[in-house]
Amino acid sequence: MATTSSEEETSPSKKKDGNAIPRAFTIFVRAVSGPYRGRKFSMDIDVKRQSSCFIGRSTGRKFRPPRGLSMPKDSELSTSHGEVKLETTGKVFFIDSESTNGTRIDDVELEPKKPYELTISKPIKVEVGAGEYEFIFEQKA
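FYI, the numbering for the sequence shown is 1 to 141, going by full-length UniProt numbering.
Think of the hints as simulated: they come from the structure by calculation, not from any bench. Beta carbons are placed, not taken as given, at the ideal position from N, Cα and C, and that holds for glycine. There may be inaccurate statements among the hints.
Unchecked claim - Derived pair list, reagent style EDC-like, types lysine to aspartate or glutamate, alpha-carbon separation capped at 16 Å: (1) 140 to 46; (2) 122 to 134; (3) 140 to 44; (4) 85 to 138; (5) 85 to 46; (6) 125 to 107; (7) 40 to 134; (8) 48 to 87; (9) 62 to 46; (10) 62 to 44; (11) 40 to 132; (12) 122 to 98; (13) 125 to 106; (14) 125 to 109; (15) 114 to 132.
To be verified - The calculated label-pair distances, taken between Cβ atoms and stated as ranges, are: (16) 75 to 139: 32 to 40 Å; (17) 101 to 140: 16 to 24 Å; (18) 79 to 37: 17 to 25 Å.
Using the sequences and the accompanying hints, generate a full structural model.
Structure below.
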(Lines of atoms letter the chains of each structure in order from A and count residues from 1; the text may use other names and numbers.)
(Lines give C-alpha, C1' and ligand atoms only; values in the text may rest on other atoms or scores of the structure.)
Protein backbone atom coordinates (compact mmCIF):
# COMPACT_ATOMS: atom_id res chain seq x y z
CA MET A 1 0.00 0.00 0.00
CA ALA A 2 1.44 3.38 -1.00
CA THR A 3 1.61 6.18 1.54
CA THR A 4 0.28 9.62 0.79
CA SER A 5 2.43 12.70 1.22
CA SER A 6 0.46 13.68 4.33
CA GLU A 7 1.22 10.26 5.87
CA GLU A 8 4.92 10.72 5.10
CA GLU A 9 4.92 14.16 6.71
CA THR A 10 3.52 12.79 9.94
CA SER A 11 5.55 9.57 10.02
CA PRO A 12 7.68 9.42 13.18
CA SER A 13 10.70 8.27 11.16
CA LYS A 14 10.61 11.02 8.50
CA LYS A 15 10.85 14.79 8.53
CA LYS A 16 8.44 16.93 6.51
CA ASP A 17 11.10 17.26 3.78
CA GLY A 18 11.13 13.45 3.38
CA ASN A 19 14.58 12.91 4.93
CA ALA A 20 14.97 10.36 7.70
CA ILE A 21 15.03 11.67 11.26
CA PRO A 22 18.41 11.00 12.90
CA ARG A 23 18.02 8.09 15.33
CA ALA A 24 21.61 7.57 16.56
CA PHE A 25 24.91 9.43 16.81
CA THR A 26 28.46 8.99 17.97
CA ILE A 27 29.57 12.15 19.74
CA PHE A 28 33.30 12.74 19.38
CA VAL A 29 34.70 14.92 22.15
CA ARG A 30 38.09 16.63 22.01
CA ALA A 31 39.49 18.36 25.10
CA VAL A 32 40.79 21.77 23.98
CA SER A 33 41.84 22.97 27.46
CA GLY A 34 41.72 21.95 31.10
CA PRO A 35 42.95 18.83 32.90
CA TYR A 36 42.12 16.57 29.94
CA ARG A 37 43.69 18.80 27.26
CA GLY A 38 44.65 16.82 24.15
CA ARG A 39 42.53 13.77 25.02
CA LYS A 40 39.73 12.45 22.84
CA PHE A 41 36.59 10.68 23.99
CA SER A 42 33.41 9.39 22.39
CA MET A 43 29.85 8.74 23.50
CA ASP A 44 27.02 6.90 21.74
CA ILE A 45 23.46 8.14 21.77
CA ASP A 46 20.49 6.27 20.30
CA VAL A 47 16.76 7.05 20.47
CA LYS A 48 15.77 3.42 21.08
CA ARG A 49 18.52 2.14 23.40
CA GLN A 50 20.04 5.14 25.14
CA SER A 51 18.63 8.58 24.46
CA SER A 52 20.90 10.37 26.96
CA CYS A 53 24.62 10.65 27.64
CA PHE A 54 25.79 12.02 30.98
CA ILE A 55 28.79 14.24 31.74
CA GLY A 56 30.31 14.70 35.17
CA ARG A 57 33.02 14.00 37.69
CA SER A 58 31.25 10.82 38.81
CA THR A 59 32.82 7.46 37.97
CA GLY A 60 29.42 5.77 38.12
CA ARG A 61 28.40 3.41 35.34
CA LYS A 62 26.17 5.86 33.47
CA PHE A 63 29.12 8.26 33.13
CA ARG A 64 31.48 5.72 31.55
CA PRO A 65 31.93 5.45 27.76
CA PRO A 66 30.05 4.84 25.59
CA ARG A 67 27.15 5.99 27.83
CA GLY A 68 28.79 9.13 29.13
CA LEU A 69 31.88 11.08 30.02
CA SER A 70 33.51 10.65 33.43
CA MET A 71 36.14 13.31 34.20
CA PRO A 72 37.11 12.86 37.87
CA LYS A 73 40.32 14.95 37.54
CA ASP A 74 38.34 18.15 36.88
CA SER A 75 37.58 19.54 40.35
CA GLU A 76 35.43 22.34 38.86
CA LEU A 77 33.08 19.87 37.16
CA SER A 78 30.02 18.85 39.17
CA THR A 79 29.54 15.18 40.04
CA SER A 80 26.55 15.10 37.68
CA HIS A 81 27.18 18.17 35.52
CA GLY A 82 24.98 17.77 32.46
CA GLU A 83 23.23 15.59 29.93
CA VAL A 84 23.12 15.34 26.13
CA LYS A 85 19.65 14.16 25.08
CA LEU A 86 18.42 12.93 21.69
CA GLU A 87 14.67 13.41 21.19
CA THR A 88 12.52 11.23 18.93
CA THR A 89 12.22 14.27 16.64
CA GLY A 90 15.96 14.01 15.89
CA LYS A 91 16.75 17.19 17.83
CA VAL A 92 19.64 17.09 20.31
CA PHE A 93 19.70 19.08 23.55
CA PHE A 94 22.20 19.80 26.32
CA ILE A 95 20.76 20.14 29.81
CA ASP A 96 22.83 21.57 32.67
CA SER A 97 22.00 19.54 35.80
CA GLU A 98 22.15 22.56 38.14
CA SER A 99 25.94 22.34 38.11
CA THR A 100 27.91 24.48 40.55
CA ASN A 101 30.05 26.24 37.93
CA GLY A 102 27.62 26.23 35.01
CA THR A 103 27.88 25.35 31.33
CA ARG A 104 28.59 27.50 28.27
CA ILE A 105 27.86 26.35 24.74
CA ASP A 106 29.23 28.39 21.86
CA ASP A 107 29.68 31.29 24.35
CA VAL A 108 26.08 31.10 25.64
CA GLU A 109 25.62 30.56 29.39
CA LEU A 110 22.98 27.86 29.93
CA GLU A 111 20.17 28.10 32.44
CA PRO A 112 20.08 25.10 34.79
CA LYS A 113 17.54 22.39 33.89
CA LYS A 114 16.51 24.21 30.69
CA PRO A 115 17.14 22.17 27.50
CA TYR A 116 19.39 23.99 25.03
CA GLU A 117 19.09 22.81 21.42
CA LEU A 118 22.43 21.97 19.82
CA THR A 119 23.29 22.73 16.19
CA ILE A 120 24.81 19.35 15.38
CA SER A 121 25.76 20.15 11.78
CA LYS A 122 28.97 21.86 12.95
CA PRO A 123 31.48 21.43 15.80
CA ILE A 124 30.17 22.77 19.11
CA LYS A 125 32.28 24.51 21.76
CA VAL A 126 31.26 23.26 25.21
CA GLU A 127 32.73 24.78 28.37
CA VAL A 128 32.18 22.73 31.53
CA GLY A 129 34.23 22.72 34.71
CA ALA A 130 37.82 23.84 34.08
CA GLY A 131 37.83 22.65 30.47
CA GLU A 132 36.76 23.57 26.99
CA TYR A 133 35.66 20.75 24.70
CA GLU A 134 34.71 20.40 21.06
CA PHE A 135 31.74 18.13 20.33
CA ILE A 136 31.32 16.68 16.84
CA PHE A 137 28.22 14.64 16.04
CA GLU A 138 28.41 11.83 13.50
CA GLN A 139 25.12 10.25 12.49
CA LYS A 140 25.04 6.45 12.56
CA ALA A 141 23.43 4.51 9.75
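| said: So, against the hints stated earlier in the document, which numbers end up violated here? | reply: 12, 15 and 17
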